[in-house]
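Order-wise, the sequence lines are chains A and B.
Last residue of the first sequence: number 272 in our numbering, and the count goes up by one each step with no gaps.
Last residue of the second sequence: number 583 in our numbering, and the count goes up by one each step with no gaps.
It should be emphasised that the hints constitute simulated quantities derived from the structure, not laboratory data.
Just to be clear, a hint being listed does not mean it is correct.
[To be verified] Sample of chain A residues with no beta-carbon within 10 angstroms of chain B, all distances over it, derived:
{"hint": "1", "residue": "Gly117"}
{"hint": "2", "residue": "Asp210"}
{"hint": "3", "residue": "Leu218"}
[Unchecked claim] List time: in silico DSS-like cross-link candidates among lysine-lysine, alpha-carbon distance up to 25 angstroms:
{"hint": "4", "chain 1": "B", "residue 1": "Lys315", "chain 2": "A", "residue 2": "Lys167"}
{"hint": "5", "chain 1": "B", "residue 1": "Lys444", "chain 2": "B", "residue 2": "Lys498"}
{"hint": "6", "chain 1": "B", "residue 1": "Lys498", "chain 2": "B", "residue 2": "Lys537"}
{"hint": "7", "chain 1": "A", "residue 1": "Lys265", "chain 2": "A", "residue 2": "Lys9"}
{"hint": "8", "chain 1": "B", "residue 1": "Lys315", "chain 2": "A", "residue 2": "Lys137"}
{"hint": "9", "chain 1": "A", "residue 1": "Lys9", "chain 2": "A", "residue 2": "Lys237"}
Remember, predicted model here, so these are calculated numbers, not experimental data.
Glycine included, each C-beta is placed from N, C-alpha and C at the ideal position.
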Amino acid sequence: MRADLQELKALCKEVRRDIVKMTAAAGSGHPGGSLSSVELLVGLYFAKMRHDPQRPDWADRDRFILSKGHVAPVLYSVLARAGYFPVEELLTLRKLGSRLQGHPSMLSLPGIDNSSGSLGQGLSQANGLALAARLNKQDYRVYCLLGDGELQEGQVWEAVMTAAHYKLSSVCAIVDYNNLQIDGPVEEVIGLHPLADKWQAFNWHVISIDGHDLEQVLAAYDEAENVKDKPSVIIAKTIKGKGVSFMENVAGWHGRAPNQEELAKALAELAN
Amino acid sequence: MIKKPTRDGYGEALLILGESNPDVVVLDADLAMSTRTNWFRDKYPERFFDIGIAEQDMLGTAAGLAMGGKIPFATTYGVFIAGRAWDQIRTTICYANLNVKIGGMHGGISVGADGATHQALEEIALMRVIPNMKMIVPCDAIEGRKATLAAAEIPGPVYLRFAREATPIFTKEEDEWQFGKANLLRAGTDVTIIGCGPILYEALLAADQMAQEGISCRVLNMHTIKPIDTEAIVAAAEETGAIVTVEEHQVNAGLGGAVAEVLVKNKPVPVEMVGIMDTFGESGNPDELAIKYGLTHRDIMTAVRRVLNRK
Ligand SMILES: Cc1ncc(C[n+]2csc(CCOP(=O)(O)OP(=O)(O)O)c2C)c(N)n1
Ligand SMILES: [Mg+2]
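Start from the sequences, fold in the hints, and give me the full structure.
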């Protein structure tokens, strides 16, 4: 059953507040790319994926492979809000002894489907999971979130070819197309344009959406599920730092935490 | 003397596993003939995945298969797997302790004519340094088969290093073989030669010739590089007082380095190392290369004499 759109929108705000609070408490971390992925993850965990927070090891659950591991804060917040672990634990992010490692570790926290942090590696893992499902006659789907800068990694395109070759229609890649990476706009560093054409030429079903429009996000997930002869990619146009005015579209907020003053300002903007 | 490449043992074992364990799957990166995974491919095509010339993707795909409950054997040449895909092995596979088995072929300078680019001489160093990784270097095709079968049962990542050339078979089917436990190939009291891989045959030749000079060499087959058999190394140091390590690999951080680490912490005794001395290889036939790079029984005998002088 699908949560109501208004509730999902409210949840997105809650998750955004978590992200700024967590990174502020940690004194480091990656708010920019976390904030741009919020609708994409909330849509998955609260309206799309087959999963059960009480049974994180459920063999038939849909999988979420986070390829851009630096946005751990958004994943941790969504998992906590879904009930995988206590929300209070979010503030232990990046602290000694915490299960919330700076980049996700599948051995340390329930609900994490892969360990990541080295970019470019997630889509291969998603393919492997899809091949295993095929051999095991399981019907779970595999979602994989990638950054746009991350697409500069060669391994991504190796995996793009592999998924198309093996017709892994249970794989749904999601590109957080915020056009920013650390050194600046992606188009200025090593451009991706025309991105949709690239995936199309590699035999993927391409869905281009506004990644902050929940209705479009949910419709895209449904469309992807109905494609049965090839993998799908959702190219989600987003704004890095979305929801916090002074973070929006600023490369510098990729990997720096807000101080107390900035946190207060951000929370005021994110109030209900 | 029957000769066979150790990689044949890998191919034979995969066939056995194909039959005995439905969860075993095999991946290759466009070298299936040379790695012997074609034997498995032809018999179990639905459980074989050619990922193409994309080693990093192959390791990631293997990781995903392991997450999905499979036991993947990812296979290609050592340089391309241990080297090119090292970060994938480290972060995706070992950090998550995934049940991925890695078959690294063409280890050693005896690869021959292809030259330095294809002669993997660094995998022991690259693999043993990663937490959760386990590593085996079989000395002949029989041990290659036993090690591969064992790897399927060992939880977590395992790297198996194989060689290209046909090399002497000097272990027996009935020999006991245990992961992590060095095998005594020759008893001896004056010095211990600790080796891994097919070069151990040269160590046996050296031991035989030294015996004629009245020097008694113990020879240990250290097939498991990690976890290394500390007990056997320390006992060798205590009982023979001198060690020679032998490997077709860089001695720095290789088996030589690994044995030295155990000795300095437990029982420091003189050590000499036979192996590749911080240099790349080159084209040539395997025998010529063994002579040029100091990997023959004569080089081992020289090292034995040297270490005895330091005792
Ligand atoms: C292999 C690798 N190289 C470099 C980095 C350092 N790094 C972390 S995030 C990042 C930029 C990522 O940009 P993008 O993929 O666009 O992510 P987003 O904008 O969604 O945050 C870089 C270079 C890394 N984590 N892994
Ligand atoms: Mg980006």
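Minimum Cβ-Cβ distance from Leu218 (chain A) to chain B exceeds 10 angstroms: 26 angstroms, holds
Should the label of Gly117 (chain A) as a non-interface residue stand, given a Cβ cut-off of 10 angstroms to chain B? 6 angstroms, violated
Minimum Cβ distance from Asp210 (chain A) to chain B greater than 10 angstroms, as the annotation requires: 30 angstroms, holds
Does the structure keep Lys498 (chain B) and Lys537 (chain B) at a Cα separation of 25 angstroms or less? Answer holds: Lys498 (chain B) to Lys537 (chain B) is near 17 angstroms, not above 25 angstroms.
Can the restraint linking Lys444 (chain B) and Lys498 (chain B) be considered satisfied, given a maximum Cα separation of 25 angstroms? 23 angstroms, holds
Distance restraint between Lys265 (chain A) and Lys9 (chain A), which requires alpha-carbon spacing of 25 angstroms or less: 20 angstroms, holds
For the pair we were handed, Lys315 (chain B) and Lys137 (chain A), check the Cα-Cα distance against 25 angstroms. Distance ~20 angstroms between Lys315 (chain B) and Lys137 (chain A) Cα, so the pair holds.
Holds or violated: Lys315 (chain B) to Lys167 (chain A), with C-alpha atoms at most 25 angstroms apart: 23 angstroms, holds
With a cut-off of 25 angstroms on the C-alpha distance, tell me whether Lys9 (chain A) and Lys237 (chain A) pass. Holds, at roughly 18 angstroms.
The earlier numbered hint that this structure contradicts is number 1, and it is the only one.
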